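Visitor: Could you put the whole structure together from the sequences, leaning on the hints where they help?
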Amino acid sequence: MDRREFVGLLSKASVAGMLPGVSGWAMAGEKLQPPMFGNTRILHFTDCHAQLLPVYFREPNVNLGIGPAYGKLPHIVGKNLLKKIPEIKTLREAHAYTYLDFTAAAEKFGKVGGFAHLKTLIDQCRGEAGAGRSILIDGGDTWQGSGTALWTRGKDMVEACNMLGVDVMTGHWEFTYQDNEILENAKLFNGEFVAQNIKASEDALFDGIEVYDEDSGHVFKPYVIKEMQGKRVAVIGQAFPYTPIANPKRFIPDWTFGIQEDDLQELVDDIRSSEKPDAVLLLSHNGMDVDLKLASRVSGIDAIMGGHTHDGMPVPVVVENPGGKTLVTNAGSNGKYLAVLDLDLGNGKVNGFKYSLLPVFSNIIPADAAMTAYIAKVRQPYLAKLNEKLATAENLLYRRGNFNGTFDQVICDSLTNVLDAQFSFSPGFRWGTSVLPGEAITMDRLLDQTCMTYPETYVRNMKGEQIKAILEDVCDNLFNQDPYRQQGGDMVRVGGLTYTCEPNGASLNRISEIRDLNGKLIDANKDYRVAGWATVGSKSPGEPIWDVVATYLRDKKTIKVEKLIEPKLKGVAGNPGLADYQGEIV
Amino acid sequence: MEVSTTRRGFIKGLIAVGTLLALPATLLAAMVRPKAAFGSKEIDASLKSLFGDASIEASDKVYLKVPEIAENSAVVPITITTDIEDVESISVIIDKNPNPLSANFKLTDAVAPEVSARVKMGQSSPVRALVKAKGKVYFTTKEVKVTIGGCGG
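From first to last, the protein sequence lines stand for chains A and B.
Counted the way our numbering counts, the first sequence spans residues 1 to 586.
Counted the way our numbering counts, the second sequence spans residues 1 to 153.
All the pointers check out, no bait thrown in.
Only pairs whose alpha carbons sit at most 27 angstroms apart, straight line, appear in this in silico DSSO-like list of lysine-lysine:
id	chain 1	residue 1	chain 2	residue 2
1	B	Lys41	B	Lys65
2	B	Lys142	A	Lys249
3	B	Lys120	A	Lys249
4	A	Lys463	B	Lys120
5	A	Lys463	A	Lys568
6	B	Lys96	A	Lys468
7	A	Lys221	A	Lys325
8	A	Lys221	B	Lys65
9	A	Lys276	A	Lys325
10	A	Lys72	A	Lys354
11	B	Lys65	B	Lys134
12	B	Lys48	B	Lys120
13	A	Lys539	B	Lys120
14	B	Lys96	A	Lys463
15	B	Lys120	A	Lys468
16	A	Lys108	A	Lys389
17	A	Lys249	B	Lys65
18	B	Lys142	B	Lys48
19	B	Lys96	A	Lys249
20	B	Lys41	B	Lys96
21	B	Lys61	B	Lys120
22	A	Lys83	A	Lys354
23	A	Lys108	A	Lys83
I should point out that these hints are in silico values taken from the structure, not numbers from a laboratory.
All values derive from a computational prediction rather than experimental measurement.
Guide: This is how it looks when you write it as structure tokens:
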């Protein structure tokens, strides 16, 4: 079978039937991990969003690369990705990395991730590496994303990570708990919580708040040195740079973030000269586009192991900079993948490497018994609530994609219906699992989409010009051609509205023709009743979003999204990051 | 004065010293504040008022540290340093602010040319750092983004 035939397979709904000549990458009982290369193994996962149990997670069919990012990883979707990356060899892998024929493939290959399965795979990978030759690092977004994570204030995940054996982590959604809770959790964590780009504000330092280093102002250790059988690896932490902008500042009023490129270069140079490491890694929550730019400008980092943008990239991107080359990887989300970076280290440098991103298929990787028992114990007190069946999904419900997802449309419909609003806004988060047709939408699944520390809803009057201003502002955070001015989320989802979007347009000049669903243009000076949630400024007055959506689901009983409403797109026809688009492309 | 090795103690010590100097510094500022330059709504008028007919050129010896995206647009931290010698003044211009001139520091040979300030920004804008030395003006520019925030993943 040649590459073209292979690429065609998943799109012909053929996965459910017989596939002669095509084997899975690993079958039950086979060794799951790649053979060890070199002498040191780095295991990396990121953005698990507190998904302790296996889930379905559909990758996007819209992930546009704009300007210099056009046609480059990670902005390639579906068949284009399969054509670009020959390392994707089996249908199971093709299903892991793409949205193609998602429902049929998901039914065939089963759920992904789950900490019990991840634990087994990690232990096998560490065993293969040999004693003392591996570390496990976590890119963050670990303490948020499930009901139990919220109700235990992230502590269920701290303990799960301790059991998993995480050595080093950094964060983003971790910082949506209150600052003192974050510090407490970081102490309960058996590994090291690192971040070179979080400092206390000068006022807060003056007031004497708790920090790691009073002279530098670092709230957490900027880096750690992990020694593995004589090989020294520096792991620098890079937390999400725009946390106080994309998420509420009020939980972390004394901390300041940013990319801090100059500080990073200085730190890398210091580590290189004083610590004599064999390798320097950046454990990053920048997002892949920011990491790619950073790698081109900062010298002396061997690999940036990234997350945030949830791009499950099977191969690393090699970036040249004035000091040499830096690998940039991104390990997806929701516990769906485990990244394995094998390094041949010696004489203060990396002499060779091999990178694999392993999909974690829960029905071919046995569950670890101790982790299974722990997860059951964590969930037990909340089971009745989590398992409540709110409605049945008649079609696939998912979120991920630049403009809209079917689950988001249900959330937006809930807001307009339950809160009696004309229009609604729902944030373009990239977390949230998928529900297959015929499955129950339980409170557990709803919380996957909505669970966070600032879930309160609002209904307020907004002028048409304000609606446009919000759309423009978020759109610039997604499509600004300078990655350092992006935030890594997707476009805000809208209910009751359609619009035209020109991603290549100038900042604050990409949105036009904002209409209601009857086709009537929005009036800039007229007031509209708008509902939404997850406000970052001050706390909104309404009930949590999950209660609003649950009310809608219980009432509807079955959910069918007849048509995904997506904006009309201008100027992006043929973009390799766009496929099977439901809206109009002009 | 309390003797302490901590940063906090050190800063508190400095404040004790600083209060002695505060009064003359305030008076000095009032005397030299270029009112016309600060009051102008036009960049060119501010420049003219500050620097007269001095030549203005881009320079890679002026270093401007600003955030790529402001965490709080009411207090955007900004630090300017330079390798240029004999610096007479350092100024900050924010193109899209209603009054573009945001700061103007007069320096003497006795101090290192490094200044920090917090500036208010109404919207995304280029921020310019201008260094005057030996009758010439050198500048560098960086874009600072102001966003309403939220909706990030």
